[in-house]
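Participant: Since the structure of chain A is already known, use the hints to place chain B on it.
2 protein chains.
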Amino acid sequence: MDDLDKLYDQLLELLNNNRIKELKDELNELNSFDQAEFFELLPDEKKLLVFRLLTKDNAAEAFSYMDSDLQEHIIKSISDNEIRNIVDEMYIDDTVDFLSELPANLVTRVLKNADESKRKLINQFLNYPDNSAGSIMTIEFVQFHEDMTVKRAMEQLRATGVDKETIYNCYVVNSKRVLMGIIPLRTLILAKDDEIVKNLMEDRVISVSTLDDQEEIAEIFKDYNFISLPVVDKEGRLVGIITVDDIMDVIDQENTEDFEKMAALLPSEDEYLKTSVFTLTKNRILWLMVLMISGTISASIISKYQYVLTSVLALSAYMTILTGTGGNSGSQASTLIIRGMALGEIEMRDIIKVLWKEVRVGILCGAMLGFVNFARLFIFDDVSLAVNLTVSITMAVVVVVAKAIGCTLPMLAKRLGFDPAIMAGPLITTVVDAISLLIYFNIARLLLL
Amino acid sequence: MDDLDKLYDQLLELLNNNRIKELKDELNELNSFDQAEFFELLPDEKKLLVFRLLTKDNAAEAFSYMDSDLQEHIIKSISDNEIRNIVDEMYIDDTVDFLSELPANLVTRVLKNADESKRKLINQFLNYPDNSAGSIMTIEFVQFHEDMTVKRAMEQLRATGVDKETIYNCYVVNSKRVLMGIIPLRTLILAKDDEIVKNLMEDRVISVSTLDDQEEIAEIFKDYNFISLPVVDKEGRLVGIITVDDIMDVIDQENTEDFEKMAALLPSEDEYLKTSVFTLTKNRILWLMVLMISGTISASIISKYQYVLTSVLALSAYMTILTGTGGNSGSQASTLIIRGMALGEIEMRDIIKVLWKEVRVGILCGAMLGFVNFARLFIFDDVSLAVNLTVSITMAVVVVVAKAIGCTLPMLAKRLGFDPAIMAGPLITTVVDAISLLIYFNIARLLLL
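Residue numbers (our numbering), protein chains in the order written: chain A, 91 to 539; chain B, 91 to 539.
Think of the hints as simulated: they come from the structure by calculation, not from any bench.
Among the hints, erroneous ones may be present.
No distinction is drawn between identical chains; accordingly, a pair holds when it is met within one copy or between any pair of copies.
Okay, derived cross-link-like pairs now, DSSO-like style, lysine-lysine, Cα gap no bigger than 27 Å in a straight line [claimed, not checked]:
| # | residue 1 | residue 2 |
| --- | --- | --- |
| 1 | K241 | K282 |
| 2 | K166 | K210 |
| 3 | K282 | K202 |
| 4 | K443 | K282 |
| 5 | K241 | K254 |
Keep in mind the model is a prediction, meaning the values are calculated, not measured.
Okay, chain A solo, but in the shape it has when bound (with noise of 0.2 Å):
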């Protein structure tokens, strides 16, 4: 990629020199994701001198590249006209994906700016809900009459399809366009002329329908290796395709997702950079709110317990660390567990097998780090071998439940129909905390008191 940055320095410089025939020249050569990038070096005052240099085709496609903030920039600058040519050439869902960054007097100008039936398409694409499959489909694909022939199906794909976001799977469809088969460009070329589509298509098709849900859709990619998949509505109509390259966006967003639950955050499909605090703050403080307050459990079983802690003083010390190796152990067991489920890797059933391998990781850990602890605790600390045996055999106990704990919450949570994902390191961790403590206070009477 060095070379790219060779390359827009050469651009920069002509911008410079003012050799704008050049640069116009060379810009327009670029690949169109590599053309937005190119604006992120510009200064603001220069942006929409260059963008008027790419040709409309241009234009179009790499405005559908840029980050938002560049859009409305670009979008606040340019006449009615401009707005016109680009709604015009963008495909339906890059349209729909840039509008709904958009502040709303600004939507209200485009949208006033494309034609009648576009118009209409955007307002229908706009009122699917997020994340399923309408908002995330093109309507821009290529479909046959099931009575065709190869010929006259090469002869319309010759003549349409330049302007569809993809040729290469085409789509079949009778005459109340329900959706019949699927016919790879692939079978198409090396058919013969006279052959029907009818008959060369794949009839079981595999479809989803405007409202199903993204996550799913995703699924369906990576077990088919599809590069494209048709919608179709309540009638088996087929009313648009979504591609790969979508859904790469939607895996990315699943697994940020997943980041954010298992973190205890509130998801949000905003950048960091563009959220602000108080978005940030609100994310964030309804879980660190019942993290807090579920807390108060392991400061009752404290409390309950300051006898033993008052009568073996030292123990007071080593709570923190019994509590945080048991939360560390049952965190790793939770996210093995969480991620093995949304990859489809574990099952409600397996969770019996599940907990056995659990339990028996958790004993050799526990072996290993109660062990160590011993041997810390009998060179460097200046406690009795009874309170060393006590937070010993606590830490060996405490990584075992907790292990135990980690696998088997998110498992339950699943079953009750909660997203699995909030069982994951914060709330196991405040759990494992309150029985961490009983265990130590138990232990410590029985070896102590």
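Facilitator: Structure of chain B alone, referenced to chain A:
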């Protein structure tokens, strides 16, 4: 997908009633992924029988979708001749995936049954480093000589295209097999017969080299919305292509790795249920040990300030709730920053902006948590106002400090060349534990002693 379950039931019924001919017809109609899934429903003793009902093409393709246990079961049971058919038909990247999961003795048997040139190729692929472009590429691509006409190119495509993994991007090379350009199939079918490929191709080609890391390659796919990407050797010669379906697996794999690192686990590519207790323990114990030993710092802080706890006994009850809230606050911040950096949304240069944001979020969250904590202690707990103030003020301060640490450490880790993902929940919690206790005891000294 309920239709599929019904279909599977029908197939099982055909099998149980020994209506093998019908089963064969129905089964071969299915999508390869669905065929592979069907085997999961079969008792072991029926698998071989059903596998032999698949046509040669279907057998190889369904085989490449099966999970490694099933592949192993089948390879063990079939004849050398059948193995040869599968290896012949399978794409090279799928063959390599499959071999890398197989026990050594079976790998030898498979290689013995591949022809000389295929065997050489497989060995070469098995030597590419894990996670490199070489290890995920395929060699079944379409290449044209730069001087060909469109007509000849289309003829060649029709003659050889059937066996290629994708024909939708064709690659143009010179006489030395150096990659000169890309010509999408859509360009080709829209072009006139007598045009020269060289004049139609896109000559600014983005390519990767065999040793490039798969994570960077996934970024390129996401940025440019590619469906395939060429791989070249040191001399710029085209040696393979990577297709988008493999990239979706890479994205999942890289995300899993981040989840694991962020939960203080050594990353592993194996499925949880297939990983031995010993390996699971090995992947966990290192970090647990490191974190436990770091936890010693907390223990010695508590020892050092033991006199504070002794003089105001009630303080010990709130240690866990304070370190817990601190840990959760810090983990939230670090997760957002780590994820933002992984998605390229946050750069090193944003550190001051990020820190300032987190401090403000910390002040808002800290103030609310401190206030609620104050009210709770005031109403429910039997503690003096001074103790209440000590705990509540500490709570507020700890949240601010934890947010600041949580956002700074991942960025520092990156600056120092480490993966920021290690600076997640567990490590942040351990650091914040120690600092929270220091703050707690010093505020206590100030207000209570």
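Participant: Run every hint past the structure and note whether it holds.
Facilitator: Hints versus structure:
no., hint, verdict
1, K241 x K282, "both (8 Å within a copy, 16 Å between copies)"
2, K166 x K210, "within (23 Å within a copy, 60 Å between copies)"
3, K282 x K202, "neither (47 Å within a copy, 39 Å between copies)"
4, K443 x K282, "neither (55 Å within a copy, 63 Å between copies)"
5, K241 x K254, "both (19 Å within a copy, 23 Å between copies)"
Checked against the numbered hints above, the structure breaks hints 3 and 4 and satisfies the rest.
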